[in-house]
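Visitor: Okay, here's what each chain looks like letter by letter:
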Amino acid sequence: MKFAIQVNEGPYQHQASDTAFQFAKAAIENGHEIFRVFFYHDGVNNASRFTLPPQDDRHVVNNWASLDIKNAEGEPELVVCVAAALRRGMLDESEASKNSIEGNNLHPAFRISGLGQLIEAGIQCDRLVVFGD
Amino acid sequence: MKFAIQVNEGPYQHQASDTAFQFAKAAIENGHEIFRVFFYHDGVNNASRFTLPPQDDRHVVNNWASLDIKNAEGEPELVVCVAAALRRGMLDESEASKNSIEGNNLHPAFRISGLGQLIEAGIQCDRLVVFGD
Amino acid sequence: MLHTVNKSSFERNSLQSCLNTIDDTSVILFIEDGVINAANNANSSMIADLAASGRVFALQGDVEARGISPKLADNIKLVDYAGFVDLVVEHGTAVSWV
Amino acid sequence: MLHTVNKSSFERNSLQSCLNTIDDTSVILFIEDGVINAANNANSSMIADLAASGRVFALQGDVEARGISPKLADNIKLVDYAGFVDLVVEHGTAVSWV
Amino acid sequence: MATKKFMYLNRRSSFGTVYAIESLEVVLIAAAFEQDVSLAFMDDGVYQIVEGQETDGIGMKNFSKTFHALGDYDINKLYVSKESLEERGLSESDLMPLVYEDEDDDWEEKPSVKVVTNDELKAIMSEQDVCLSF
Amino acid sequence: MATKKFMYLNRRSSFGTVYAIESLEVVLIAAAFEQDVSLAFMDDGVYQIVEGQETDGIGMKNFSKTFHALGDYDINKLYVSKESLEERGLSESDLMPLVYEDEDDDWEEKPSVKVVTNDELKAIMSEQDVCLSF
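Protein chains in written order, with this note's numbering: chain X, 226 to 358; chain D, 226 to 358; chain U, 5 to 102; chain W, 5 to 102; chain Z, 28 to 161; chain P, 28 to 161.
With the rest of the complex left out, here is chain X (with noise of 0.2 Å):
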């Protein structure tokens, strides 16, 4: 099958961007498509390289990472929405430098796109599953 996957809350905040990786990772793992996972809300700061969490513990952007989820012309299928991200401070190079901000943060696995990329995921997979606060 074909899934989405939403992401509402950061990184170690929450529980939630832990679940929606095991979750991705089982889905692969057993046959199935991860379409796309759709970063929205507190959600986009799973995209930033410049997360460093403690030797012992799991490096979440890093798992999103592994998972390699990319569409048949290269691209992240890891998608971030920009409105969310801006707001929250996730840049990539061109949004940072449209904004005449020195610096940007996006991690390379993921891209940051718009919100109509979440409702065309609810229309091309068999199912959407959200994880939130």
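Certain hints may be false.
[To be verified] Below, a list of computed lysine-lysine pairs in the DSBU-like style, where the Cα atoms sit at most 30 Å apart:
id, chain 1, residue 1, chain 2, residue 2
1, P, Lys109, W, Lys75
2, P, Lys141, P, Lys104
3, P, Lys149, P, Lys31
4, P, Lys92, W, Lys75
5, Z, Lys88, U, Lys75
[Said to hold, decoys possible] Label-pair ranges, simulated between beta-carbon atoms:
id, chain 1, residue 1, chain 2, residue 2, range
6, U, Ala56, W, Met50, 50 to 58 Å
7, W, Asp90, Z, Thr30, 25 to 33 Å
8, W, Asp78, P, Ala59, 45 to 53 Å
9, D, Asn324, P, Ala59, 50 to 58 Å
10, W, Gly96, D, Gly328, 42 to 50 Å
11, U, Ala56, D, Gly256, 31 to 39 Å
It is worth saying that the hints were derived from the structure and are not from the lab. Predicted, not measured: the structure shown is a model, and the values here were computed from it. Beta carbons are placed, not taken as given, at the ideal position from N, Cα and C, and that holds for glycine.
Guided by the hints, dock chains D, U, W, Z and P onto chain X, whose structure is given.
Guide: Okay, now just chains D, U, W, Z and P, sitting in the frame of chain X:
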């Protein structure tokens, strides 16, 4: 009176940071001292200089910065917990270079320090008020 | 002591937990979604006695934001942020039921 | 439908809201702090009938993490993450009571 | 693209958390996809469409007026839990008068908000293909 | 520095949110400041010190064993709500046997955990100078 404030949640997702800001502002306007604001848990996300809210919304990070809370040495007393910050990808120049990360996102009105600063604030102040989810 | 409650008692148990451990001299201030507890509703009896003894406050800005002004329960005292600061000054230790 | 509940009914109202609107063929899966609802406790009656008809599941990893394994209420079925995926596949639309 | 039934489940009030405003932002985008869209307001979510929200005192954006725009986007199925309203001492007359113009009925203005019992809501939810929770 | 009474109020379980572990991190730092430290466990917070937590299945760090270190830091006032335990079908025997060595009593090992009623907790809370909530 001398106040300490603890903020447990990031900007926008919860009202906690907004309420804490309004409280701090009112305290200062009424002749009290804000000795320190300590940002813990997701509260560390209030310190991002990458934050770009929509034009018609409040700018939570700039709100905090506008209070210009500093100690006698001129250091910011908007203090971000280092352990919580690293776990969530909030870095100053020093932490970034220590961890070989390119770039950093801490707003200059804030500084990163240890949890001891929270306890010290609790000891030094007449009141400590916690804002959270 | 000053107890702040920032959640609706319909959604969470924090108001009940506060009431379970509040002593006879402490006051409660409702902030954020906690002001839903200041409306006249099915849970109003939880705080009716405390309110009657003048010990229940609500943050006016949050009350207005939720359209609760015309529905306020009896004996709730409204304060602005400066009034919140005054309550913290007057009532000693602040306990946040986050 | 598959209804996931990720909070304790002691802390939040999400389980009650789920039960208010769950239809006769849907199942519930407790995840995260929702597994507290799978323990034998003062709120167990909320889900006893649904569990008896085999419609209540709990995520094993979360149950173990909270030390609930020896306290599990009757008729709760444990699943791992692969079992979670299977439930989503089998039961159609997923509703998250976040 | 296929047409699916999308439900947006709103259970939190407007300003304590971001979920209400960011849910509304999704709904407005969703309108462009010409799917079958329903909104459910349960629990404290009913406060999202209460009349008379004023945010000057908290320094936050008052997005509640945006709900009036939904009718123009053909989003006109807003279901509100009767039980949730009653528990909170609210009735339909406390809600914003949200309307749409019915193109199948000579553009007559009709109410978008429908107060339903939990049993009715149960039936509506059972028909959905996708449920987005906020 | 003056000595103050600090209370750490823990109302959430261990792994659903970060509050439990980050509360414990504060408590461990607090030990160095030689203040009067109490921990209260209420509501689902009582699950933080339940025996037998195993996190292999969720891929998260099992920090529950760290509570055993508190005694070595002279943090030995852990108050647990009796009512909260009972509602959850738990009793004192389900909790981790946390202990400290009493330096005033020939280093005898004594329990750190004390189950108290909400009324007793009320009295303890009333004495506090600072309350940190998690």
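Visitor: Run the structure past the numbered hints and jot down the numbers of the failing ones, going up.
Guide: 6, 9
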